[in-house]
Amino acid sequence: MNDNVKPGSTRTKGDLLLDIRNLEIEGESDEVWRPIVKGVDLTLKRGEVLGLIGESGAGKSTIGLAAMGYARGGCRISGGSVVFDGIDLLGASDEIRRKMRGSRIAYVAQSAAASFNPAHQLMPQTIEAELREGIRGHGDAVKDAVELYRRLRLPNPGEIGFRYPHQVSGGQLQRAMTAMAMTCRPDLIIFDEPTTALDVTTQVEVLAAIRDIVEQFHTAAIYITHDLAVVAQMADRIKVLRYGKSVEEAPTREMLASPREDYTKSLWSVRKLGKQEQAAGEPILQIKNVTAAYGNAVRVLNDVTVTVPRGRTVAVVGESGSGKSTLARVITGLLPPIEGQIIFNGEALPPALKERSQDTLRRIQMIYQMPDTALNPRQTVYEAIGRPIEFYRGLTGAKKEARISELMKLIEMDDSYVDRFPGELSGGQKQRICIARALAAEPELIICDEVTSALDQIVQEGILQLLMRLQRELNVSYLFITHDIATVRAISDEIVVMFQGRVVQQGPKTKVLSPPHPPYTELLLSSVPEMDPDWLTNLLARRKVQPEAMKAGDR
Amino acid sequence: MNPVVRTVLQRLGLGIATLFVVSIIISLTIQMLPGDFAKAILGQSATPETVAAFQKEIGLDRHPVVRYFDWISGVVQGDFGESYASRGSLAGHRRLVAEMIEPRLLNTLFLASAAALIAVPLSLFLGVLAALYRNSIFDRVINVVTLTSISSPEFFLAYILMMFLAVKFPIFVSLASISPGMPFLDRLYVIALPTLTLVLVIMAQMMRMTRAAIINLLASPYIEMSRLKGAKPLQIIIRHALPNAWAPIVNVIALNLAYLVVGVVIVEVVFTYPGIGQLMVDAVSKRDLPVVQGCALVFAATYILLNLLADVVTIISNPRLLHPR
Amino acid sequence: MTESAQTGQAMAAPAQITRRGRLSRAWRVLRKAPPTAWFGMIVIAIYLFAAIFAPLLAPYPETELVGGAFEPWGGAYILGTDQLGRDMLSRLIYGARNSVGIAVLTTVLSFVIGSALGLTAAIIRGWVDQVLSRAVDVLMSIPQLIFALVLLSIMGSSIINLVIIIAVLDSTRVFRLSRSVAQGVVVMDYVEAARLRGERLPWIMRREILPNIMAPLVAEFGLRFCFVFLTISALSFLGLGIQPPTADWGSMVRDNAALISYGDVTPLLPAGAIALLTVAMNFVVDWFLHKTSGLRE
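From first to last, the protein sequence lines are chains Z, X and R.
Numbering-wise, my numbering puts 213 at position 213 of the first sequence, and it's gapless, one number per residue.
Numbering-wise, my numbering puts 768 at position 213 of the second sequence, and it's gapless, one number per residue.
Numbering-wise, my numbering puts 973 at position 93 of the third sequence, and it's gapless, one number per residue.
For the record, the hints were derived by calculation from the structure and aren't laboratory data.
Please read all numbers here as calculations on a predicted model, not as lab measurements.
Do not take every clue at face value.
[What the hints assert, rightly or not] What follows is a set of in silico ranges between Cβ atoms, one per label pair, in the way DEER data are often shown:
#1 R:Pro935 - X:Pro603: 42 to 50 Å
#2 X:Ile692 - Z:Ala293: 55 to 63 Å
#3 Z:Ser56 - X:Pro788: 49 to 57 Å
#4 Z:Thr291 - R:Val1067: 52 to 60 Å
#5 R:Ala996 - Z:Tyr243: 46 to 54 Å
#6 R:Gly1006 - Z:Gln341: 21 to 29 Å
#7 R:Gly1006 - X:Leu664: 42 to 50 Å
#8 R:Pro939 - X:Glu612: 50 to 58 Å
For each residue, glycine too, the CB sits at the ideal point set by N, CA and C.
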């Protein structure tokens, strides 16, 4: 294995492998066909990795599948050509297209857990295509698959093939799926957001494994993702898509160094945000030695102590299963703790929601991750924001309307939106309404649970800036729960790092973010991809020196 | 213990418990009898003495719990008690409920099996076909036809069939009278129309459910993955869809067989077929409670058993239980 | 900053949609309805009309013996007379009022019981949910028609008994559906937000949950109506449902069934009337489900 190969430098590119011209794809909704992909050109040479990047709705997955001559149900390829190694895939017969798939063009899906058939072991699924095409006999195929599992650094490569999908973790399944794609030694692999569903520490492993094996077999690949830092590690060339059209395309290093289009620049604008850290004042919320569990099951929170200073932002970071969302439930009273206390404004809060007074509830508000589920689809903006005003302040009629108008101004939206239903708003606008709803209660503390992670990059920046401005103007405190380090950098004054229900580290932002770190913080921080094409290479080289740091991440 | 065995045993236990509770409910309904019930059975001319004797005999003077255990212990040994039917008239000839139910039940099972043997394979086949060619003309026609068939009362279908296949064109007979010594083929001929009615009734349901189950299955990501791996259409169905289709398909079958058990009541009445359904309807109109209770218990037991079977198949075809972590 | 500018533009179009109002929106949806749905709606409208204006439409009174038994079609009695000499057409028209009316009443009652309990179980959860769900499991493990027969044999056949028995038995299905639909809504963040705000249970039920489960409940109402209607008709056909002399389609089939063996289609008319209404209802519900679920299949 050669970990020191840098993408875009030592790899040799062959002749033209894939040539997509003026591709047009339509999708059906309400019995009307609307364009999804509007005339995209795409070329790929042998052994080359092309990164397709864009936000949701950019059409990147649809283009990836079209490269296999495939359109999902409810979609159709309506124009253009897809020529793979001299074969016109769109004009070819179904039989020829079918033979191409699996053996010459392979696909790695986003959700490996759903894409493996639950009824079969991994091995027969892995070698299915090569047996069908008669590339190897059964015995050789199994041997080869085990070798691929080993190269992808799966634990117990000899045995893992005899497990069922539900017996294997997400990160391992993703690697097994890469092995499955590799068995026929295809000329081209489409990776469709293969690490999006994974935690950052697991993502590093999968990224490294994928990159190595693609290089070893000199396979061409299309790597689809919304994360520019990830694609920077994987691709030789990057193509930016938006609304089904190509925005710009350039070699990776060039693109990162000097993006031409404003839209491309905006893709990493969040990473450029940074809040001047402010010193902590008197505490508004103190969580003292809290232990909590769901039912009688294992403890989700274990002896957690966190302090939130007034008018400041405390970011709680951790991966799935770290207990960070449970912490929010404990503070709001939805999950009374088994032990410990929550002190708000110097007074101990009653543990359960029912025992808290209306005024206490008013002072602590919450903003959710998914604005779609946080707003009642059957209530207008007026009702959503108006209710807390009426409920807590007792304002009605003209006074209520004046207050709504004031809040709309605060969240930088027009009064004309108040009659809209959530379905008629964009994701970012919905999140702004959620913020307005929280502000309507005139709270002192707002718990923000992953409020930007469901939004596109460019919208994230707007929301974060809004939150910071509101803090300056209203002196409200935030407990900001997130898994994204860039967001933490952007917004926090203090950081709490959580791992498996415990607080690993907490302190002022600059202190937590600068070394030396405790082992888990180190692992977490170092696993966050950076906008540097050499980041993964360097990281792996560093970790080789200290291999124990990686163990916690291999789950 | 293996989780499959454990789950199956749990499910069996639950089935038995349900049957037990159902038997209690059926037995307790007698508690809700109105006061003039004895008169209704014995006739207006009954003397107070006979009424008292009758009430004592059906056990209204005993504690409900005691009465329940008397009844259920009899049922377990195959004794469902005695029919009230002979009571009002010259008492003397007494009939055991079990003796009344047994031949009728066999007749009903004969009719139901004939219907199931035709309907199950046919509707699975057509349902899968409709799913594979969904939104085609074939699929749309099937949709309208099955929807119409489901919406029609059983007796409507039955009389239409009778009208056309027995009266206007006398191909079959309209009365399905069956007798103990009848040769097998004659029996089949006689029950042709009731069988056909039942087939129409359950086929529509089954086809729709099969279609929905298959479409649901074909939409799963692993089926798309197998397409993207270049599997042939037949391989996709056999290797990737079928192993996951057993549970939904068996559920569809069980649900419809259970429905068949109930649908048989109407059809038996229309064609005057001597099955358990007609026995029950007669008993209800005569308010012959022991017979009603016996029939209800038999129906409920069949129903519970079929659902139990479906659940067991679902459990043993679940890879998560078969191969625990 | 950039976002509000762009989205402001993009959102200009939907604003007009809201102002066009609900009526015109409903009309636009209706216009696109498939022929089967149109057929269904027209049939239902005709039935409603017949039920409401039965005394005006029917040539003869409901129960009066106006001629001889089994008189043929044509002449004074357009569709002939029944086994007692009552006018068939008049009884068919009154049947719309009686059969459909009783079925609607039963379905409404079933919905009131089932959805109230279902919502309660979904929101309160815990032991209340456990007890209700287990009870419903047991009730549903007895086939509905059979259970209805047992209860009718005990309580006797009267319209009130019939309505109560069928409504209670059918409410188990409504319970299951409303519970599962409501469970899907209860876990939504907006419901949690309302709880965190300190809202009381009735408010949460009425304002947050009910509006979001209306569509599936409305569709279910249509389907339950069909089922209840067919069950009551079946019981009437067996002679255990709606009792004479009330004109009712199920018992009309039974009373005149003898005619079938003479090749007379008269007894098929009330049976067809039942089938036509349920078919129509199913077509409408099918389309409504397709429309509201947003699913292709």
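Consistency of beta-carbon spacing, Z:Gln341 to R:Gly1006, with hint 21 to 29 Å: Holds: the Cβ-Cβ distance is about 26 Å, inside 21 to 29 Å.
C-beta pair Z:Thr291, R:Val1067: status relative to the range 52 to 60 Å that was hinted: violated (25 Å)
Consistency of beta-carbon spacing, Z:Ala293 to X:Ile692, with hint 55 to 63 Å: At 58 Å between Cβs, range holds.
Range hint 42 to 50 Å (beta carbons of R:Pro935 and X:Pro603) holds or violated: Because 48 Å falls inside the window, the suggested range holds.
Whether the CB-CB distance between R:Gly1006 and X:Leu664 falls inside 42 to 50 Å: Given about 43 Å between the Cβ atoms, the range holds.
Outcome for the supplied range 46 to 54 Å, where the beta carbon pair is R:Ala996 and Z:Tyr243: Hint holds: Cβ distance 47 Å, inside 46 to 54 Å.
Distance restraint evaluation - R:Pro939, X:Glu612, Cβ atoms, bounds 50 to 58 Å: Holds - the Cβ-Cβ distance for R:Pro939 and X:Glu612, about 54 Å, lies within 50 to 58 Å.
Supplied distance hint 49 to 57 Å, evaluated on CB atoms of Z:Ser56 and X:Pro788: The hint (49 to 57 Å, Cβ to Cβ) is violated, given that Z:Ser56 and X:Pro788 are roughly 32 Å apart.
Checked against the numbered hints above, the structure breaks hints 3 and 4 and satisfies the rest.
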